[in-house]
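K.L.:
Construct all of the structure, not just a fragment, from the sequences and the given hints.
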Amino acid sequence: MSRRGSEGYALRLSAVEEDILTLLVGRELYGLAMLEASKSAVGGTRALRPGSLYTALYKMEQKGLVRSWWGSETPAERGHARRRYYTATGLGAEVLTATQLRRHQLAQWQPA
Amino acid sequence: MPDHRPWGGLLWGLGLVWLALGLRLGLVGLAQGLGWQRLALGSLLLGVALLGVALLGVTLLMRPEPGQPAPQPSWNRRSLSVVPASLREEWGGDLAEACWQWHQRGYARWSIRLWTLSWMLQLVETRVRCALYAAIWAHRWKKP
Chain A
1 MSRRGSEGYA LRLSAVEEDI LTLLVGRELY GLAMLEASKS AVGGTRALRP
51 GSLYTALYKM EQKGLVRSWW GSETPAERGH ARRRYYTATG LGAEVLTATQ
101 LRRHQLAQWQ PA
Chain B
113 MPDHRPWGGL LWGLGLVWLA LGLRLGLVGL AQGLGWQRLA LGSLLLGVAL
163 LGVALLGVTL LMRPEPGQPA PQPSWNRRSL SVVPASLREE WGGDLAEACW
213 QWHQRGYARW SIRLWTLSWM LQLVETRVRC ALYAAIWAHR WKKP
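Sequence lines, in order, name chains A and B.
According to my numbering, the first sequence holds residues 1 to 112 in order.
According to my numbering, the second sequence holds residues 113 to 256 in order.
Treat the hints as calculated values from the structure; they're not laboratory data.
It should be emphasised that the depicted structure is a prediction, and the values quoted were computed from it without experimental measurement.
The beta-carbon is built from N, C-alpha and C at its ideal position, and this holds for glycine as well.
Be aware that a few hints might be false.
[Claimed, not checked] Below, a list of computed lysine to any residue pairs in the SDA-like style, where the Cα atoms sit at most 25 Å apart:
1) 39/A / 245/B
2) 39/A / 201/B
3) 39/A / 219/B
4) 39/A / 131/B
5) 59/A / 245/B
6) 39/A / 213/B
7) 39/A / 215/B
8) 63/A / 215/B
9) 63/A / 200/B
10) 59/A / 131/B
11) 59/A / 242/B
12) 39/A / 223/B
13) 63/A / 236/B
14) 59/A / 243/B
15) 59/A / 138/B
16) 39/A / 200/B
17) 59/A / 201/B
18) 59/A / 45/A
[Stated by the list, open to error] With the C-beta cut set under 7 Å, the calculated list includes, among others, these residues of chain A facing chain B:
19) 31
20) 47
21) 49
22) 84
P.N.:
And the structure:
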C-alpha cells in the first residue's frame, strides 16, 4: 500500500468507493443493507448497484480501506446464508477525509 | 486435503466470461447480421460446460472429510478468480434476502424474477469486465 507522506495519500477513491466509505465510517453493514441505505439516501437512480458494490468492496478490502467478517446469524429469509459485514478501517476513514478535504480545497480556490 | 478452491474459482470465472462473451456476440450478431451465431453458440456452450465442470469439481473435491470441519476461504489471499467461489454465500444470501423483502412488500412474482435477473446480469457483467481487465491489461500493459 503506497502512501505519500502525511499530507496526502496516493490512494485515490472512485465515486463508488467514496460512497461506500461514507456509508461505512462508524457503521457495520452488509451488502444488501448498503444497497438499501444508498437507495434510501440518494434515490434509486444514483444509488449503488449490486454489480459495482461487491467488486468495489473486494478491491477496497485488498487496499485495506475496509475490513469484513462473517456474521453469526443465519436467517431463514436468506436461505440460512450468513451475512458478510463490512466497516471502514482507520486508513479508509483517513483517505475519505483527505478526499473530502481536497474537494473542499478545490471548491474554495479563487483565481489570483 | 489439498485446496482446490482456486481451480474451481478459476473455472467458474472463465465460465462466466465465456457465457457473457457468447451472449454479447449473439446479441451483436443478431443486431447487425454479422453471422457470428456459430461463434456465439460455441462461446455459450463452452461457458456452460466450464460452469458445470467448476460446480461439479468444487462440489466433489471440496467435501470435507468425515469428522473434519469444512475449510473456510482465506479472505486475505483471495484473487479475482477465486471471488466467485468465495462470495457465493454472500451474493446468494443477499439476493435471497432481497427477494424475500420484495415478496413481503407484495411485488408480483414476475417483477421479482426480473429484478433477480437484473442483479445476476449486473454481477456477471462486472465480473467479466474485471476478469478481462485483470487478464489483459494488468499483465500485458506496461507503463512507459
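K.L.:
Look at each hint and say if it fits the structure.
P.N.:
Hint check results:
1. As the CA atoms of residue 39/A and residue 245/B are separated by approximately 28 Å, the hinted pair breaks the 25 Å bound.
2. For the proposed pair residue 39/A and residue 201/B, the alpha carbon gap of about 23 Å is at most 25 Å, so the pair holds.
3. About 18 Å separates the Cα atoms of residue 39/A and residue 219/B, which keeps this hinted pair within 25 Å; it holds.
4. With a CA separation close to 30 Å, the supplied pair residue 39/A and residue 131/B exceeds the 25 Å bound.
5. As the CA atoms of residue 59/A and residue 245/B are separated by approximately 13 Å, the hinted pair is consistent with the 25 Å bound.
6. The hinted pair formed by residue 39/A and residue 213/B meets the criterion: a straight-line CA distance of about 15 Å does not exceed 25 Å.
7. Proposed proximity of residue 39/A and residue 215/B is supported: the alpha carbons are some 18 Å apart, at most 25 Å.
8. Distance check on the hinted pair: residue 63/A and residue 215/B sit about 37 Å apart at the alpha-carbon level, beyond 25 Å; violated.
9. Annotation: proposed proximity of residue 63/A to residue 200/B holds, straight-line Cα distance about 22 Å (limit 25 Å).
10. Distance hint between residue 59/A and residue 131/B is fulfilled; the C-alpha atoms sit about 24 Å from each other, no more than 25 Å.
11. Straight-line distance between C-alpha atoms of residue 59/A and residue 242/B comes to about 11 Å, which keeps the hinted pair within the 25 Å bound.
12. The suggested pairing of residue 39/A with residue 223/B holds, with an alpha-carbon distance near 18 Å, which does not exceed 25 Å.
13. Proximity of residue 63/A to residue 236/B is assessed by CA-CA distance (about 23 Å); at most 25 Å being required, the pair is judged to hold.
14. The hinted pair formed by residue 59/A and residue 243/B meets the criterion: a straight-line CA distance of about 13 Å does not exceed 25 Å.
15. Between the alpha carbons of residue 59/A and residue 138/B the distance comes to roughly 31 Å, so the proposed pair goes past 25 Å and is violated.
16. Between residue 39/A and residue 200/B the alpha-carbon distance is near 23 Å, which keeps this suggested pair within the 25 Å criterion.
17. With a C-alpha separation of about 18 Å, the suggested pairing of residue 59/A with residue 201/B holds against the 25 Å cut-off.
18. A threshold of 25 Å between alpha carbons decides the hint, and for residue 59/A with residue 45/A the separation of about 24 Å falls inside it, so the pair holds.
19. The criterion of a C-beta within 7 Å of any C-beta in chain B is met by residue 31/A, whose closest approach is roughly 5 Å, and the hint holds.
20. Contact between residue 47/A and chain B, as hinted, is not supported at the beta carbon level, the nearest pair being about 12 Å apart and thus beyond 7 Å.
21. At a threshold of 7 Å, the smallest CB-CB gap from residue 49/A to chain B is about 6 Å, leaving the interface hint in force.
22. Satisfaction of the interface hint for residue 84/A is found here, the shortest Cβ-Cβ separation to chain B being roughly 4 Å, below the 7 Å cut-off.
Figure legend: structure checked against the earlier numbered hints; hints not met, in rising order: 1, 4, 8, 15, 20.
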